[in-house]
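J.: Top line first, the protein sequences correspond to chains A and B.
Just so we're aligned: the first sequence equals residues 0 to 566 in numbering that gives the first Met the number 0.
Just so we're aligned: the second sequence equals residues 0 to 566 in numbering that gives the first Met the number 0.
No wet-lab data here; the hints were simulated from the structure.
Careful, some of the hints might be misleading.
Identical copies carry no separate label here, and so any pair may be met within one copy or between two of them.
Think about it this way: if two alpha-carbon atoms lie no more than 30 Å apart in a straight line, the pair counts; the simulated DSSO-like pairs of lysine-lysine are [unchecked claim]:
(1) K219 <-> K318
(2) K465 <-> K323
(3) K199 <-> K177
(4) K219 <-> K436
(5) K436 <-> K340
(6) K323 <-> K219
(7) K239 <-> K219
(8) K284 <-> K77
(9) K297 <-> K323
(10) K91 <-> K5
(11) K284 <-> K231
(12) K183 <-> K284
(13) K436 <-> K242
(14) K436 <-> K199
(15) K561 <-> K347
(16) K284 <-> K340
Everything numeric in this text was worked out from a predicted model, so none of it was measured.
Number of protein chains: 2
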Amino acid sequence: MHIFKKLIPVEEAQRILISYAREVKECEEVDIDNALGRVVAEDIYAGIDIPSFDRATRDGYAVIAEDTYAASERTPIKLQLRGYIKTGSYPKNILTHGEAFRIDTGASLPRGANAIVPIEYTSEENGYVIIFRRVSPWANIQWAGADIARGEIIVQRGTIITPRHIGALAGIGYPRIKVRRKPKVAVFSIGDELISVDSKLTPGKIYDINIHTLTSLIRKSGGEPVVLGIAKDSTESILKKLKEGLEVADIIISSGGSSVGQSDFIRAAVEELGAEILFHGVMSKPGKPVLGSRIGDKLYIGLPGNPASAILSFILYVKPVISKMLGIKPTHRTPGGLVLKRREYGVKGRRLYKTIAIKRRNSDYVYESLPASSESISTLSKADAYFIIPEDTEFIDSGIAVNLSFFDAQPQLAGIFIVGEYSPSILRSIISIIGDKYLVRYIRRDYEATLLAVEEEVADIAIFTKEVKNSIRLTRKIALAGDASRGDIVTAMRNIEGERIIVVGSHQSAILRYLNGLAEAVIAPKELLDLYGVEEYRIIGQEPLYIYASRDLSEIIRNVLKNLSNL
Amino acid sequence: MHIFKKLIPVEEAQRILISYAREVKECEEVDIDNALGRVVAEDIYAGIDIPSFDRATRDGYAVIAEDTYAASERTPIKLQLRGYIKTGSYPKNILTHGEAFRIDTGASLPRGANAIVPIEYTSEENGYVIIFRRVSPWANIQWAGADIARGEIIVQRGTIITPRHIGALAGIGYPRIKVRRKPKVAVFSIGDELISVDSKLTPGKIYDINIHTLTSLIRKSGGEPVVLGIAKDSTESILKKLKEGLEVADIIISSGGSSVGQSDFIRAAVEELGAEILFHGVMSKPGKPVLGSRIGDKLYIGLPGNPASAILSFILYVKPVISKMLGIKPTHRTPGGLVLKRREYGVKGRRLYKTIAIKRRNSDYVYESLPASSESISTLSKADAYFIIPEDTEFIDSGIAVNLSFFDAQPQLAGIFIVGEYSPSILRSIISIIGDKYLVRYIRRDYEATLLAVEEEVADIAIFTKEVKNSIRLTRKIALAGDASRGDIVTAMRNIEGERIIVVGSHQSAILRYLNGLAEAVIAPKELLDLYGVEEYRIIGQEPLYIYASRDLSEIIRNVLKNLSNL
Chain A
0 MHIFKKLIPV EEAQRILISY AREVKECEEV DIDNALGRVV AEDIYAGIDI PSFDRATRDG
60 YAVIAEDTYA ASERTPIKLQ LRGYIKTGSY PKNILTHGEA FRIDTGASLP RGANAIVPIE
120 YTSEENGYVI IFRRVSPWAN IQWAGADIAR GEIIVQRGTI ITPRHIGALA GIGYPRIKVR
180 RKPKVAVFSI GDELISVDSK LTPGKIYDIN IHTLTSLIRK SGGEPVVLGI AKDSTESILK
240 KLKEGLEVAD IIISSGGSSV GQSDFIRAAV EELGAEILFH GVMSKPGKPV LGSRIGDKLY
300 IGLPGNPASA ILSFILYVKP VISKMLGIKP THRTPGGLVL KRREYGVKGR RLYKTIAIKR
360 RNSDYVYESL PASSESISTL SKADAYFIIP EDTEFIDSGI AVNLSFFDAQ PQLAGIFIVG
420 EYSPSILRSI ISIIGDKYLV RYIRRDYEAT LLAVEEEVAD IAIFTKEVKN SIRLTRKIAL
480 AGDASRGDIV TAMRNIEGER IIVVGSHQSA ILRYLNGLAE AVIAPKELLD LYGVEEYRII
540 GQEPLYIYAS RDLSEIIRNV LKNLSNL
Chain B
0 MHIFKKLIPV EEAQRILISY AREVKECEEV DIDNALGRVV AEDIYAGIDI PSFDRATRDG
60 YAVIAEDTYA ASERTPIKLQ LRGYIKTGSY PKNILTHGEA FRIDTGASLP RGANAIVPIE
120 YTSEENGYVI IFRRVSPWAN IQWAGADIAR GEIIVQRGTI ITPRHIGALA GIGYPRIKVR
180 RKPKVAVFSI GDELISVDSK LTPGKIYDIN IHTLTSLIRK SGGEPVVLGI AKDSTESILK
240 KLKEGLEVAD IIISSGGSSV GQSDFIRAAV EELGAEILFH GVMSKPGKPV LGSRIGDKLY
300 IGLPGNPASA ILSFILYVKP VISKMLGIKP THRTPGGLVL KRREYGVKGR RLYKTIAIKR
360 RNSDYVYESL PASSESISTL SKADAYFIIP EDTEFIDSGI AVNLSFFDAQ PQLAGIFIVG
420 EYSPSILRSI ISIIGDKYLV RYIRRDYEAT LLAVEEEVAD IAIFTKEVKN SIRLTRKIAL
480 AGDASRGDIV TAMRNIEGER IIVVGSHQSA ILRYLNGLAE AVIAPKELLD LYGVEEYRII
540 GQEPLYIYAS RDLSEIIRNV LKNLSNL
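Work out the full structure, taking the sequences as your base and the hints as a guide.
T.: So this is what it looks like as structure tokens:
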């Protein structure tokens, strides 16, 4: 009289069900404000730069830094006040030596200026500003694209949308997104003893609990419940519910009916429908009497009737199936703490909240700090957690464990960190190859920081502009756009010099200045000019890029890069 | 030119805001199926027992245990088959010596039977059942009320509804619940540079990110967002938004406007409304320029404009305010693991999922195992997490750390464990006094297990029927209902004996048998007869109850119990 002929291990039951679960192909478009908890069905790249202009990060005065070199408390200097640039405006005036503009945090740097003097070190007087401290070139400026560069990945398909993703999408002007249709999960309960919660309880009967718990669990897992109610202990009644479910839903689950007699009814019903029984009985307690079956190309999963077993079995067997149907990239339990890999400094008199991106490495976690500047929007799209450096702490040393606060209860951590120089073509190629399998985080870093990330085995893939060990060399073309004979040439490449060449802090800043008429010509990597739709340019040289990949990825990356040799 | 005259610590800012936040008093009634994530506004007690009849926990035969004492593989015994009790029926037949009923798991025990012989140890033959193994009295029976007793607390006010709560509410036949109305949170952004996400980006402008992140964060925190859009950098524009917000919302938040000039506009606007500035500037990075103010009896919180700062400041300052307005009892970060306090045994060939209730004790966590029987519905309402004992493990020893899997990402852990004998009057009195402050878990346990829970400092309050050290003694009255001269008397009290007295496993079973006409009289504690609405009874004695309370609670408990001396 044993109905469970062969119990199978929990993992095998999970593997079988997941292998038969079909991904929902249909998508729907939703406003980002209605996207919380939905699963993105497209890779979304930034179509603009953030910031999309060179931005003041302090209230103060826009100046030419060199004009302030002589300034000190004792020997202040005087600059003529040319106007006030408020946030939201885009000045076309040109600032020349001896001049300054009053400027607000967040406002656009005027042409000619290359630094902001913070307001604390100034005073105003009769159309002049008195400056009490020198500033270096590029001080208090956030360059265009410094936070998010055009062409960067913002949200990868398979991501569960959180408030931070919604923010990043708003930031790049992406008001509607494609999400996966919710899989329809039909659910019913089996048992003559069951009555609906709004009926009067009579002796021998019990309220149907599972229909309510399973409905809410389906919802929490990202599915759309289709509630079919209670089936009697009979083949006909169960058959009827199954047929109803097959008609309207992507997958069917039931609870109950696991006693000897009831079990026969279920088997008779699924056999009538020509089902294939995948397994019946799992080596777990509670949760033994789980039935996995396939009716046509739809799964039917029978869960135990005991309420606690039904919940647990749902978590073990149904939730992963719904995740697979939605194409959700893995979520993770929140790790409690993290050991610092380098010394982290606090800020005097203030509590510092350091945001970090976290990656799972085997059974462990590694992290990469994100830019500390509070202007950063990357925090929205890239950070998983933060830790605190208290007010009275000068630094926390490497090797010390800090407590993490996660932004999401079940974070989707990255599988791959790409660190270093920005190349949208390389980034996009890599994601097109490994993006199905991994959640990828790209973190821009200078040469030294990228080298450190490789040494610390935090970076899986790193992109350098100088040669490093074990890297693959690519070249990318450098091009000149615009009329170089007519006025200023703008670029971010430090090894180019010339009287009329203005060097700025980012390729994005250079290209945008040219496009917005603040310079007559621009020098930048060809791949970036292409990205901005600059059509006319002339190749004037090339620069090397060195790509490092960790051992597991080097084969894949070699293949990706073969097709890219001609950037 | 410093606008932040005095930065205050993060905790002080939080404390100030919470102290001024007003709890939302209004409630609304929702179907339990729509209650996921809502905050319960009432203490909900079980109005029925679960199970509400004596229930078979195995497929098999209902018998009088004493009839099977001679049975073995070699010397099977024969009982006459009287019928088949299926789930959902409520048999009134009386089983006498030499007889048996076939019975399904979950079906109601017939009158006269006191044990179930599992089907594996039987065979059927010509109207008889052959039994190959003896069973003890009460074997394979779950007594009425053994899982949840009438009068037990199911969901306390201030609880955030999870699928498990929905299940427990369905279990006790509670289809609609009172939840707190969602606080209306008006939100707007400040800045001339901001444009709406569906507009075309022009130089100098940026998309308004915060309105979208804050809207979704308000929703995730249990509030109802009222989106007011973008205010210009002017006193009039900000004033207009504030007035709009005051009219429709319970609290107002904004982001942006933290540069010097903008800040003046905000101050001018709130001063025009006669606001009280509670603080302006917090010692944190990012998140310094936070403004806390009170306009009339409503809070207005100004957050920084930088998107990452806005999110962090929301989490630090607005979320706790919304929680306070909703009366939410504290949630906790999920602890990663737990050290076993006693040896836990596995189940051969199956993976055991042990469910536990967890309580925060200072900075640490303690736990109490919940009944292992998979029939348990308590798991729904009382368990916070489970851990696994693998298939091949005989036991995990005390002192070993196990990994926990939580049912909820942000569990609301109990503050108080009440362990031991069931007394609905005591439970209700305690909750009425300390239920505002603490989430209380009551876990029924026998004398030995309760003693252990006190020794291990897991129980804060313990209820015994035998004397223990440092306890307060109460007495509760024992009563007889029904006509004791006319037939069977049923009771759960083991020290009462008599020819026609049938001892069952729970007071609930005894009372329900009497009420359902399966016995002519019942002996039970008076407080329980009162709970079931039994009106006519005669006090026939009393039993002592010994209440232990941990040192912190002993004062409170003494006060509670003073009023209860006459149970």
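J.: Look at each hint and say if it fits the structure.
T.: Quick rundown of the hints versus the structure:
no. : hint          : verdict
1   : K219 <-> K318 : both (9 Å within a copy, 21 Å between copies)
2   : K465 <-> K323 : neither (42 Å within a copy, 55 Å between copies)
3   : K199 <-> K177 : between (46 Å within a copy, 20 Å between copies)
4   : K219 <-> K436 : both (24 Å within a copy, 29 Å between copies)
5   : K436 <-> K340 : within (27 Å within a copy, 41 Å between copies)
6   : K323 <-> K219 : both (15 Å within a copy, 25 Å between copies)
7   : K239 <-> K219 : within (27 Å within a copy, 39 Å between copies)
8   : K284 <-> K77  : neither (81 Å within a copy, 33 Å between copies)
9   : K297 <-> K323 : within (14 Å within a copy, 46 Å between copies)
10  : K91 <-> K5    : neither (78 Å within a copy, 39 Å between copies)
11  : K284 <-> K231 : within (26 Å within a copy, 62 Å between copies)
12  : K183 <-> K284 : within (28 Å within a copy, 45 Å between copies)
13  : K436 <-> K242 : neither (35 Å within a copy, 50 Å between copies)
14  : K436 <-> K199 : neither (51 Å within a copy, 35 Å between copies)
15  : K561 <-> K347 : neither (50 Å within a copy, 54 Å between copies)
16  : K284 <-> K340 : between (41 Å within a copy, 21 Å between copies)
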